[in-house]
Amino acid sequence: MSQHTPNEFSTVFKRDRALITRLKHEDAHFARLADEYHEVNRQVHRIEAETEAASDERMESLKKQRLGLLDAITAIVAKARAAA
Numbered sequence: 045m046s047q048h049t050p051n052e053f054s055t056v057f058k059r060d061r062a063l064i065t066r067l068k069h070e071d072a073h074f075a076r077l078a079d080e081y082h083e084v085n086r087q088v089h090r091i092e093a094e095t096e097a098a099s100d101e102r103m104e105s106l107k108k109q110r111l112g113l114l115d116a117i118t119a120i121v122a123k124a125r126a127a128a
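The numbering of the sequence shown is my numbering, which starts it at 45 and goes up by one.
Since the hints were derived computationally from the structure, they do not count as laboratory data. There could be a bad hint or two in this list.
Distance ranges between label pairs, derived from CB positions [what the hints assert, rightly or not]:
id: 1; residue 1: D71; residue 2: D100; range: 31 to 41 angstroms
id: 2; residue 1: T65; residue 2: D100; range: 27 to 37 angstroms
id: 3; residue 1: T118; residue 2: R86; range: 18 to 28 angstroms
id: 4; residue 1: A122; residue 2: T49; range: 17 to 27 angstroms
Just so you know, these numbers come straight off a predicted model, no measurement behind them. Virtual Cβ for every residue (Gly too), placed ideally from N, Cα, C.
Please work from the sequences and hints to get the whole structure.
Here it is in structure tokens:
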């Protein structure tokens with residue numbers, strides 16, 4: 045996808061790029077969460093851009109899933125930041 049996708053890690057965690065990279069390599073759980081967030085975020089973007097069809101319920105479900113993943117990721121990043 046050549047367009048900018050909103051809510052990507054590079055924009056959400058702009059000041060924590062090095063920490064995110066380290067966590068992806070050192071923490072398998074974090075890496076899985078990050079991969080899942082990336083996929084869900086891309087799905088939301090495709091639906092919003094109308095390149096993929098989905099019901100309102102599906103869109104709402106994906107947005108809730110993305111928010112839950114972001115909450116979990118943010119907690120891990122905050123804990124790692126505090127430990128640094």
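Hints and how they fare:
1. The hinted window of 31 to 41 angstroms between D71 and D100 holds, with their beta carbons roughly 35 angstroms apart.
2. For the pair T65 and D100, the beta carbons lie near 36 angstroms from each other, so the given range of 27 to 37 angstroms is met.
3. The beta-carbon spacing between T118 and R86, approximately 19 angstroms, falls within the hinted interval of 18 to 28 angstroms.
4. Separation of A122 from T49 is about 24 angstroms and conforms to the stated range, judged on CB atoms against 17 to 27 angstroms.
Violated hints: none; the structure is consistent with every hint.
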